[in-house]
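Visitor: Going down the list, the sequences are from chains A and B. When you number the first sequence by my numbering, it's gap-free, plus one each residue, and the end is 459. When you number the second sequence by my numbering, it's gap-free, plus one each residue, and the end is 1459.
Misleading hints may appear alongside valid ones.
What the hints assert, rightly or not - Each computed BS3-like pair below joins lysine-lysine, with the alpha-carbon atoms no more than 25 Å apart: (1) A:347 - A:401; (2) B:1122 - A:170; (3) A:170 - B:1161; (4) B:1122 - A:122; (5) A:161 - B:1170; (6) B:1438 - B:1407.
Claimed, not checked - Some but not every residue of chain B turned toward chain A, in silico, with C-beta under 10 Å: (7) 1110; (8) 1117; (9) 1118; (10) 1170; (11) 1172; (12) 1178; (13) 1419.
If you are wondering where the hints come from, they were derived from the structure by calculation, not from laboratory data. Positions of the beta carbon are idealized from the N, C-alpha and C atoms, including for glycine.
2 protein chains.
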Amino acid sequence: MNKMLLYLILLLIHHTALGQEASKVPLPSPAQLAWQDAELVAVFHYDLHVFDGKIYNQSQNRINPIADHNIFKPEALDTDQWIRAVKDMGAKIAILTATHETGFALYQSDVNPYSLKAVNWKGGKGDIVRDFVSSCRKYGIKPGIYIGIRWNAFYGIHDFKVQGEGEFSKNRQEHYNRICEGMVEELCSRYGDLAIVWFDGGAHGPEQGGPDVLSIFEKYQPNGLFYHNLQRADIRWGGSETGTVPYPCWGTYNAPSWFARRGDDIGFKPLKYGFPDGQYYMPAMSDAPLRGYDGGHEWFWEPDDEKHIYPLENLMEMYYKSVGRNSTLILGLTPDPRGLLPEADVKRLQEWGEEIDRRFSQPIARTSGKGKQLILSLEQPQSINHLIIEEDIAQGERVRKFVVEGKDDDKWLTLYEGSSIGHKHIARFATQKVSEVKLSVEEAVMEPVIQNLAVTYIE
Amino acid sequence: MNKMLLYLILLLIHHTALGQEASKVPLPSPAQLAWQDAELVAVFHYDLHVFDGKIYNQSQNRINPIADHNIFKPEALDTDQWIRAVKDMGAKIAILTATHETGFALYQSDVNPYSLKAVNWKGGKGDIVRDFVSSCRKYGIKPGIYIGIRWNAFYGIHDFKVQGEGEFSKNRQEHYNRICEGMVEELCSRYGDLAIVWFDGGAHGPEQGGPDVLSIFEKYQPNGLFYHNLQRADIRWGGSETGTVPYPCWGTYNAPSWFARRGDDIGFKPLKYGFPDGQYYMPAMSDAPLRGYDGGHEWFWEPDDEKHIYPLENLMEMYYKSVGRNSTLILGLTPDPRGLLPEADVKRLQEWGEEIDRRFSQPIARTSGKGKQLILSLEQPQSINHLIIEEDIAQGERVRKFVVEGKDDDKWLTLYEGSSIGHKHIARFATQKVSEVKLSVEEAVMEPVIQNLAVTYIE
């Protein structure tokens, strides 16, 4: 009950001008906290064209309906296998494309006829969203759902708009908007609490001639992340699909939705860096497909594409430049036509999870504390080359500038200087033997609350 | 075997220039013969909007998708009840709209997702086409299927064309054409022999940017009637939806498809009258909805519409002006949201069937014969006021002009003068007491073959 009370107070503070003055920095919602705590998220892309045996061409896929939807028959579908791989990788949230750009829905939709009801697979009774969510719950992974409404090759939707002119087009736009709202209601109401509902490419709202999906989300998923429309974006895109963000990457933004001011006119820099004094809590995510190596960039399974699976070292670099920079890393995974995550991908995710664990699960020393200075004493002088610093972001991102020094014998040496910490900052530096480590916060908006200061040595 | 041989010979004659010279008049195919022998045909219109509780507005229905396809739930559906009414009415062929202008398919389509698979009714397993065909076979009625591809409010098809411009529209047109071909293949291959496959508003062909449905029909339904595209129309529209044609209504036409030369540029007169010297056998049909009385014209069920059911006498007039003029009468029947033909409609059809039977099943006298003159002798002088004359149209429509006289005592009186006979001609005239009736063919292309000359008296 005390925790609940604290949440309510925090929410109150977060949502009132008085509160914002009181806290001086915006505070995350419980969903945003859970999102950042997850650190790693998997997003599964699965759609009709996985089964067509061809190289995926997104721009063509958007304007060319799949000839025969009965190619969809994942005979060995096993979402448990998918989610075990998520678990192995160390992610805490997994997202599935309930619909993507073909318009085909991976569940039993009552409003969109172009769904698993239409195919012969499982006698038209398949529900991969349900399978997926069940597997997530079984393995303690939080499920999220991705909904594509911006493109629909089947129905004839291009960049939110029904093709055509005149009254017919207007009527079909209305119809499509109702289908979208209906799907959002189905997906938000049938499968329990969702960590996130992700509208890819955003969701048009009624003021743009689109459906009203936000109010439906708010009704059924008050505890979830909404991503995103012009009014609301609980997270922001980090400005690339490289799985990385630059440094510093502030967890706050200067508008309630980054989507209202997109890269088209202002460039992606605001998305990448955020605004340290932004009034809105909106951490950046870093997304990339696992099959993004060496010229590849495959959100969907394609034949003979194992060569594009990132090597372990690249994934670790990605980890440093996302999770280590206050950004949640979203990795795109690609089930194949059998309905399984391919063995090579599973193996790489295992290796990666083990490597993250090997590097960070047992630091040499760690501490926590409040205030402008924090000392971490080692039991004996040791070589270190990594720092892990975490603010208690439930209380907001407060640090603006810091320096970390190490004591070598009696001399304090500067190990690292930084600005943003936020949920987590991982710093690498030249190996140094130290007996003590001192974090000095040089600038902060309020009293710094460091929930973790750790050092380690990684070969 | 002799009959089969005869058919083959007739077909050969029909399809060769030599044969046409030999016979001088075009001959009907077996399917056309069966069609004309049926005399009465029922066409059932059933679609999503039957369930919307609103007055049907065809032009709106074409450009306004149905908001929720799950309104479709005919809880008491009983196609046996439909077909018993067809039987009662005396029709021999019954046609069902497998798809109409919403685009919704009343069966388990693998190619069109907008079908009974999409609705919750019967767990998405309903197949009304199958039910319908089974009921037809059970009651000895020949089934036909109506396919609408010219309009599709769901998919965005207007007058055959996908809405929109550019490559996306071109791709969706291709996709839609493949859906149409797929549906035609499903409907022509799954349900056994069909009396007719009816493309309402015609079918665009590949040369017009449409699907190639004719070759699919010809592959699977070599014994059926094809209605219709630019290349082929085995019957012709009679030029109105009043259930009547004018007189004379010749069974032949001057082109292989009337659809290639439509009313738009030449008016409907050629459709109504036909061409006595036309090289193509193509009898006219007369279509009308049962609910077409007093300003009504309802091909679909609507609430509170019983007032538009034609009175018996109007149906009899329609019968005289269609069946009695060498034209097959197609009556539109409207199952309701329960899935039943309404009681009032059933009752009227029963009355009508009984009345046709009462009037024509037991003529006072009848005969048949070849040649320019045919005498029908009555057992005793009797009052008559109806003539029924039928050519053996398996041998072509040969008569061009005739007169019928009646012998009153020793005097021959002209009872009736006419031109076309064809499958059947029913003539009404002032009551006359006669002892003999004489049919004199004044003009004919070949030797007249009269398979029935009957007289009767109807109060």
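Visitor: Run every hint past the structure and note whether it holds.
Guide: Against the structure, the hints:
no., hint, in the structure
1, A:347 - A:401, "40 Å, violated"
2, B:1122 - A:170, "32 Å, violated"
3, A:170 - B:1161, "17 Å, holds"
4, B:1122 - A:122, "17 Å, holds"
5, A:161 - B:1170, "17 Å, holds"
6, B:1438 - B:1407, "8 Å, holds"
7, 1110, "6 Å, holds"
8, 1117, "5 Å, holds"
9, 1118, "4 Å, holds"
10, 1170, "9 Å, holds"
11, 1172, "6 Å, holds"
12, 1178, "6 Å, holds"
13, 1419, "46 Å, violated"
Violation of the numbered hints given earlier is confined to hints 1, 2, 13; the remaining hints are satisfied by the structure.
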